[in-house]
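**Q** Produce the entire structure from the sequences given, and follow the hints as far as they go.
In the order they appear, the protein sequences are chains A and B.
The working numbering numbers the first residue of the first sequence as 1 and each following residue consecutively.
The working numbering numbers the first residue of the second sequence as 1 and each following residue consecutively.
FYI, nobody ran anything at the bench for these hints, they're computed from the structure.
Errors might be hidden in some of the hints.
Repeated chains share a single entry, so a pair holds when one copy, or any two copies, can fit it.
Said to hold, decoys possible - List time: in silico SDA-like cross-link candidates among lysine to any residue, alpha-carbon distance up to 20 Å:
no.: 1; residue 1: Lys-181; residue 2: Asp-444
no.: 2; residue 1: Lys-98; residue 2: Leu-115
no.: 3; residue 1: Lys-260; residue 2: His-344
no.: 4; residue 1: Lys-54; residue 2: Trp-150
no.: 5; residue 1: Lys-337; residue 2: Leu-376
no.: 6; residue 1: Lys-47; residue 2: Trp-150
no.: 7; residue 1: Lys-251; residue 2: Glu-79
no.: 8; residue 1: Lys-57; residue 2: Glu-46
no.: 9; residue 1: Lys-337; residue 2: Glu-58
no.: 10; residue 1: Lys-106; residue 2: Glu-88
no.: 11; residue 1: Lys-106; residue 2: Ala-219
no.: 12; residue 1: Lys-134; residue 2: Glu-79
no.: 13; residue 1: Lys-98; residue 2: Glu-79
no.: 14; residue 1: Lys-22; residue 2: Asn-63
no.: 15; residue 1: Lys-54; residue 2: Thr-460
no.: 16; residue 1: Lys-55; residue 2: Ala-43
no.: 17; residue 1: Lys-98; residue 2: Thr-460
Note that the structure is a prediction, hence the values are computed from the model and not measured.
In case you want the letters, here they are:
Protein chains: 2
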Amino acid sequence: MGKNLTKRSEDYSKWYNELVVKADLAENSAVRGCMVIKPYGFAIWEKMQAELDKKFKETGHENAYFPLFVPKSLFEAEEKNAEGFAKECAVVTHYRLKTDPDNEGKLIVDPEAKLQEELVVRPTSEAIIWNTYKGWIQSYRDLPLLINQWANVVRWEMRTRLFLRTAEFLWQEGHTAHATKEEAIAEADLINNLYATFVENFLAVPVIKGLKTESERFAGADETFCIEALMQDGKALQAGTSHFLGQNFAKAFDVKFATKEGKQEYVWATSWGVSTRLMGALIMTHSDDQGLVLPPNLAPYQVVIVPIYRNQEQLDAISQVANEIVNDLRLHNVSVKFDNRDTHKPGWKFNEYELKGVPLRIGIGPKDLEKRTVELARRDTLTKEFVPKEDVVKTVVQLLKEIQDNLYNKAKDYRDSHITAVQNFDEFKEVLETKGGFISAHWDGTNETENKIKELTKATIRCIPLDNPKEDGICVYSGAQSTQRVLFAKAY
Amino acid sequence: MGKNLTKRSEDYSKWYNELVVKADLAENSAVRGCMVIKPYGFAIWEKMQAELDKKFKETGHENAYFPLFVPKSLFEAEEKNAEGFAKECAVVTHYRLKTDPDNEGKLIVDPEAKLQEELVVRPTSEAIIWNTYKGWIQSYRDLPLLINQWANVVRWEMRTRLFLRTAEFLWQEGHTAHATKEEAIAEADLINNLYATFVENFLAVPVIKGLKTESERFAGADETFCIEALMQDGKALQAGTSHFLGQNFAKAFDVKFATKEGKQEYVWATSWGVSTRLMGALIMTHSDDQGLVLPPNLAPYQVVIVPIYRNQEQLDAISQVANEIVNDLRLHNVSVKFDNRDTHKPGWKFNEYELKGVPLRIGIGPKDLEKRTVELARRDTLTKEFVPKEDVVKTVVQLLKEIQDNLYNKAKDYRDSHITAVQNFDEFKEVLETKGGFISAHWDGTNETENKIKELTKATIRCIPLDNPKEDGICVYSGAQSTQRVLFAKAY
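**A** Laid out in structure tokens, this is it:
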């Protein structure tokens, strides 16, 4: 009956790994570092995709698809970018296997099928896309070009964790081209705001919008906007990034356009992405020792109905009521599952749906039929109430809204109470070790200090918040002058 | 002004290649054999995906995601399957590039980052999926398992053509597991019917449902259901396949389940897929020498409105009428684009939307404003009519339905008039060379005869139609006894 789930307080990391598998979200595959996303987990990802895709289209973006492979020569054309990814990319060198002549039935790589030029499995698509844009952009009439791609990418990470860091992951990557610098910066900012709104309203995860420091920036970017979330263990998680790429890729791939006045100018660019990593943020923000807790806006089904019966007659009577509720709820756009499987007992089902984080569970037994009530259980608070049958729809609709809000507020309270302003490095280290969370501290603006702090504490600058007030102060590490605080944290 | 499109009668193949590029559907990329699917082409593919995905879910299937890579050892575990794909698969052998010490800035494959076991980029996912299902299936309670995946796959084809045969392509692959043989066969048949209905109702492409002969079957399958379409040049195109896999994969990956009675049995399987190849079928079935012709059910926008004006005043007046029409059409679920760009002339736009196959074009000029009419042009018949403004919505809704039906009927007439029954091999060869299309002929049922006919004529058996009447006869090639006719054709 128990879920056999490690407690968060015992080992947060182990709790997470177990939960992802036990709640049927994902599992490790036969390929090192690559995951299988199971139907229940994928259904959540599909809901994220649907909402983001709608928002991208509403803001004028179109989807397209670019090749999985990047020829090595294109990859190295954008030097800065290549530097960052060359160390962790899967490389295709051959295009055929053949039967081993010395070992019948076994396959070996056919040495005669060596590619003239090796192909990198895309770790991100700037190179292949900007090489394509060169053919698409001639004049100001072709701009802006606002394109998104839903795709798989591969980064050969050495230490992987389900959803958080996998060798292959799913994401969307937007790649836009603009006539002016201002327009490109506005696009990067627009998308960062779109991400923030989505993550807050759908994942119910509060985020801080900010800019990355130079050393934390995407290699090819002039400026990286980001949204940063805080997990229950006090570690930060970067939930999305939106890059202003300046003219770096336009120059690397020679993409110019004729202005209205007939001048040739380099194009300005952005790129931006969120990935299946968001699943990690979702899981770690809300879930508890009983299992997953899902916000109603992303739950594959928001309500599950479990019949409690001893014989077929009881089941028939309960099913009639259950089916009425199912129909009523669907009319009100509530997604609901009636689990009438006779292969599993009610207790097993209660346990299963608690583990899977279904926001509301309705139990109906013979006594409920008599009283014309149902038992309604909330996953977020683990509270139960009896509700008259005629009030079920109204109550469910209201509770789903309440649960969505409650999850966000709870996470925001935790996050807000875990932003600590410190005055000196001793305080910095103490807060980091005892309390965790974001540390708001003055920094002298140098890479050197940033690296030194990272080396000493493992904390990095998560972001310079966009709404940061200017405040004169002294760098916690170097003692040099500083004009604003930045947010440090240990991070996923 | 002209479209510079090769005529179909001159060079059908060249016409197709040019059309795909000029209509902004797709183009070749910097990676040999891999295409870029452009936004306009991808919007059509997205509409196909949305409809198929809905139908899969309505029939109880769930989506999931499995790794891009298949370890070589898993690949070879299913020998028959591996044999078919080993000759054309991309192989990842290394996981890192490094800077060439002899040539600064250039990247080379780091010989120290060689994988212990090579990874095949999935040409199809049976191996990795069945290796996963082993952990998911223990008892009859876990069955049926009805899973679909939307993914990219890679087959290192030597001769590629946009959409029809590319090294990387997009598809969906369903992989199901069942307790009984009957159930698995019923599933394969269900999906083949689902494909047929979809292709006929959405692509407006008539198909023949049938079974593949042993030599045309998927290597791991006991039976392959298929849908076969006919292109305007008289060549057939396989539009989808649905395989009954028997217990082949269950045995190769040792996937057994406990029956209700507690016996251990191997699971029965199906797999099925359609791909971006459907884009090729769509384009080749309906399009003409003026460009693409799209069925309304798949057009990214069904109606385009082009204003014809000489000055801003005229444009303002026209825009007012156009925007009213846009709103009215959207209320009736018609997708419409108002192209008020001042960067292009009306003539250029007319040409562009004809090339892009937009089903209906509405032109509005100053004279139309006076008369309170608009000019409505049908892409399929290239006919025009003037319609009173108040009748636009009604007329458009009716015409879209008419166009969808007309395209299907036209294609069906062509297809039906290109199924020719022949009695002997001379007739067979003559029809194949002069008329093309499907040839209905008696066949003795042997691989030998099938191969010989293929060798002599390049025609293959496209399918044994499911609704084939039994008819005694004599094989066109061998003269041996036969009980039914089968359909031969040259094929894409």
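**Q** Now, for every hint given, state plainly whether the structure supports it.
**A** Each hint, compared with the structure:
1. Lys-181 / Asp-444: Classified as neither: same-chain Cα gap 28 Å, cross-chain 71 Å, threshold 20 Å.
2. Lys-98 / Leu-115: Both, since 15 Å and 18 Å are each at most 20 Å.
3. Lys-260 / His-344: between (70 Å within a copy, 13 Å between copies)
4. Lys-54 / Trp-150: both (13 Å within a copy, 19 Å between copies)
5. Lys-337 / Leu-376: within (14 Å within a copy, 48 Å between copies)
6. Lys-47 / Trp-150: both (14 Å within a copy, 15 Å between copies)
7. Lys-251 / Glu-79: within (11 Å within a copy, 49 Å between copies)
8. Lys-57 / Glu-46: Both: 16 Å inside a chain and 13 Å across chains, each within 20 Å.
9. Lys-337 / Glu-58: Result: close only across copies, 14 Å inter versus 31 Å intra.
10. Lys-106 / Glu-88: between (29 Å within a copy, 16 Å between copies)
11. Lys-106 / Ala-219: Between copies only: 18 Å across, 42 Å inside.
12. Lys-134 / Glu-79: within (18 Å within a copy, 44 Å between copies)
13. Lys-98 / Glu-79: Only across copies: Lys-98 and Glu-79 sit 12 Å apart there, 36 Å inside one copy, limit 20 Å.
14. Lys-22 / Asn-63: between (34 Å within a copy, 18 Å between copies)
15. Lys-54 / Thr-460: This pair counts as neither: shortest intra-copy Cα distance 34 Å, inter-copy 45 Å.
16. Lys-55 / Ala-43: both (19 Å within a copy, 16 Å between copies)
17. Lys-98 / Thr-460: neither (49 Å within a copy, 27 Å between copies)
In summary, the numbered hints that this structure violates are 1, 15 and 17.
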